[in-house]
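Participant: Taken in order, these protein sequences are the chains called A and B. Counting from 511, one number per residue, gives the positions in the first sequence under this note's numbering. Counting from 13, one number per residue, gives the positions in the second sequence under this note's numbering.
It should be emphasised that the hints constitute simulated quantities derived from the structure, not laboratory data. For each residue, glycine too, the CB sits at the ideal point set by N, CA and C. There's no promise every hint is true.
Stated by the list, open to error - Per label pair, the in silico range of CB-to-CB distance:
(1) Leu274/B to Asp802/A: 43 to 53 Å
(2) Gln640/A to Asp108/B: 43 to 53 Å
(3) Pro808/A to Leu19/B: 35 to 45 Å
(4) Glu119/B to Asp822/A: 33 to 43 Å
(5) Leu19/B to Pro902/A: 50 to 60 Å
(6) Lys845/A to Glu119/B: 44 to 54 Å
(7) Glu682/A to Ala264/B: 49 to 59 Å
(8) Met269/B to Lys591/A: 29 to 39 Å
(9) Asp75/B to Asp728/A: 30 to 40 Å
(10) Asp730/A to Leu151/B: 22 to 32 Å
(11) Asp822/A to Met269/B: 21 to 31 Å
(12) Lys861/A to Leu19/B: 30 to 40 Å
(13) Leu78/B to Ser853/A: 32 to 42 Å
(14) Gln725/A to Met263/B: 36 to 46 Å
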Amino acid sequence: MRKKSIWLVLLGLLLVAFLAAGCGGGKAADKGAKEAEGDTIKIGFLGALTGNEASYGVETLKGMKMAAEELNKQGGILGKKVEIVEADHGSKLSEAASVVQKLISKDRVVAIVGDPTTGKTKLAGPICQQNKVVLISAGAVGPGVEEIGDYIFRNTLLDEVAAPAVAKYLVEELGWKKVAIVTSTNNDYSVGLTKIFEYALSKLNAQVVEKVSIQDGDQDFSAQVTRIKQAKPDGIIFTGYYTEGGLFMKEVRKQGLNIKMAGGDGLLSPVLWKLGGEAVEGTMVYAGFAADPANASPQAKEFIKKYQAANDNKLPDMFSAQGYDAVMLLAKAMKEANSTDPSKFKDVLAKTKDFPGVSGTLTFRIDRKPVKSPVYLLEVKNQEFVLKKAIPVEAPQS
Amino acid sequence: MLMEQWLSGLIDPYYQQVLTLVGIYIIAALGLNLITGLCGQLTFGHAAFLSIGAYTAAILTRDYHLPFTAALLAGGLMAALWGVLIGLPVLRLTGDYLGIATLGFGEIVRVAFTNMKVTGGAIGLAGISRASNLVNVTLFVVLAIAAVVLLENSRFGRALKAIREDEIAAESMGINAMWYKVQAFGIGCFLAGISGGFYAHLMQYLNPNDFSFIKSFEILSFVVLGGLGSIPGAILGTAVLTVAPEFLRFMAKYRMMIYGLLLVVMMIFRPHGLLGGVDFRRLLRRRKSKSLALGG
């Protein structure tokens with residue numbers, strides 16, 4: 511009995527200490543933020559540094575830090591230093607909500623860059639909107655992001671922008687007049703992308719000669735490929751993921767069909783050739799960014815060089831480039847608005863036109879959806895992705 | 013609205029968010045404590061009932077504009093209904109077998125929600141109103157604690173304990189073990205459903221992947237760490253393990269490592285959980301005797 515009560519008292523003390531430490535720290539940070547508001551601008555990073563989404567978050571943060579460093583070298587924004595506030599949510603939804611709340615109420619950030627996934631962006635969106643803090647996602651491509659409110663942005667390549675541009679290239683440059691489309695029916699992304707491709711192809715007067723359905727997790731595609739073979743298309747548009755994509759092309763080659771496949775960034779993974787081997791050579795995949803030091807724009811060249819210097823010569827990926835661009839976009843909007851008040855610079859941000867980012871030129875449409883140019887069309891060559899063509903996208907009339 | 017403004021002046025919204033989450037998890041942990049702690053039935057599918065409650069409540073307020081309280085209750089009842097439906101066949105199993113069966117059910121629910129239209133599928137369900145706050149969650153936590161304390165010390169609670177200690181002996185004393193187990197399962201799932209409803213209206217966004225078996229294990233670890241079968245233990249375990257990741261944030265990369273270490277150390281030094289064997293009645297009784305002694 512006595513032993514138990516000692517434990518209880520100890521635990522009680524521990525809990526009190528926990529709370530006291532938490533609150534004490536909070537108050538100090540609170541004051542710090544208010545005083546610091548004079549000479550620093552805080553931009554929050556929302557993303558995972560641990561867990562299964564960590565690879566996106568880590569790269570986004572790298573890009574953001576590079577941007578902040580560069581801005582600070584040039585004297586910061588409006589004479590104030592830029593500080594990136596990071597907090598890991600461990601790829602957990604419930605923790606992401608706490609992190610957003612912490613960034614807003616404790617760190618008092620003026621803007622948040624993140625989350626790289628659409629799901630957590632939709633979770634963070636309403637909180638930012640209610641608290642009047644600007645959110646830019648440097649990775650979300652799914653539907654329903656801008657609809658949350660006028661403080662919510664993203665600087666990614668959307669399928670509704672990329673797919674029509676790629677379709678145009680396939681039809682007009684590569685001469686795909688007759689096309690077969692493969693859809694994975696239990697994959698929302700695939701179903702959505704098929705619709706976009708079909709609409710684009712109908713506008714280009716290309717003919718969809720065969721539509722076949724597969725399911726994520728399928729292994730045997732012989733029936734579908736036989737049907738495609740009979741329709742004699744010029745090429746295959748595949749809207750699913752890399753696992754099925756690799757296996758599908760294997761079956762295509764097995765049946766002696768010698769046509770190429772094109773698809774969205776769902777195919778963007780080395781697993782594609784690990785499963786497909788020789789069969790996926792020539793497969794085309796589009797992406798929002800490809801590090802191509804030879805043909806890049808001057809600012810992209812500079813970015814790639816700096817990234818390589820800091821990361822053992824590794825090439826930057828889409829997330830680091832878009833993370834960098836997101837911070838630069840915010841900086842430009844704040845400078846032009848001559849204010850660090852989110853309710854003011856968000857309107858300037860929404861009017862961004864032809865912003866020369868390292869991942870491409872960006873314009874926000876009237877509904878705040880991003881239009882980026884170019885679309886990077888990659889091709890599998892010797893079991894690696896190489897840039898085939900940077901397809902320009904026309905900016906919308908706003 | 014006024015209350016919220018007053019509250020955010022008092023407590024930082026960040027702490028409010030974390031404390032509300034603690035409250036929500038306490039409700040779920042109390043339910044699991046009833047099933048696993050009191051009745052001794054191992055279940056790995058608690059997150060599934062959380063998700064059933066969450067989706068039911070969220071869809072009712074979002075698409076059918078039901079008041080929050082009604083939707084919350086409906087979510088709890090829906091989870092309880094499924095709990096009983098699943099409990100009837102599954103609770104014939106014992107020990108690890110029951111654990112595996114509930115684990116399977118949890119995954120079925122997750123996959124079902126991923127493929128249903130009304131739940132938004134893999135994209136998730138957004139646009140849920142923010143109806144949960146520290147006040148209404150705390151209110152319900154107090155209600156739930158009162159209810160489970162009363163239950164534990166009733167004939168029903170004693171029957172559950174008898175089943176936990178020795179099911180055959182309990183049956184021979186005239187306790188219908190199956191019936192009691194299903195009831196306990198139903199009540200536990202009801203609490204999980206309510207917890208899910210609050211969760212949905214705090215997060216304002218639901219995704220089936222958030223309710224995988226990892227969340228089930230998380231809730232189970234709250235209860236085990238606190239001390240299986242102890243209500244104060246379940247509350248303390250939940251509070252410590254939910255606050256710790258936020259509290260340890262200053263350690264950056266080492267945060268989750270320390271969190272894991274915390275679990276290991278606690279289990280080594282307190283194998284029966286932090287408050288294993290401690291119950292509310294005993295706590296209160298001691299305080300009473302103490303105050304009597306002081307008064308005298």
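Participant: All hints, please: hold or fail.
Facilitator: Going through the hints against the structure:
1. Leu274/B to Asp802/A: 43 to 53 Å: holds (47 Å)
2. Gln640/A to Asp108/B: 43 to 53 Å: holds (46 Å)
3. Pro808/A to Leu19/B: 35 to 45 Å: violated (52 Å)
4. Glu119/B to Asp822/A: 33 to 43 Å: holds (40 Å)
5. Leu19/B to Pro902/A: 50 to 60 Å: holds (53 Å)
6. Lys845/A to Glu119/B: 44 to 54 Å: Given range 44 to 54 Å: holds, Cβ gap about 51 Å.
7. Glu682/A to Ala264/B: 49 to 59 Å: holds (51 Å)
8. Met269/B to Lys591/A: 29 to 39 Å: 32 Å Cβ-Cβ, so the 29 to 39 Å window holds.
9. Asp75/B to Asp728/A: 30 to 40 Å: Holds, at about 33 Å.
10. Asp730/A to Leu151/B: 22 to 32 Å: violated (56 Å)
11. Asp822/A to Met269/B: 21 to 31 Å: For Asp822/A and Met269/B the Cβ distance comes to about 25 Å; the hint holds.
12. Lys861/A to Leu19/B: 30 to 40 Å: holds (37 Å)
13. Leu78/B to Ser853/A: 32 to 42 Å: holds (34 Å)
14. Gln725/A to Met263/B: 36 to 46 Å: For Met263/B against Gln725/A, whose Cβ atoms are near 44 Å apart, the range 36 to 46 Å holds.
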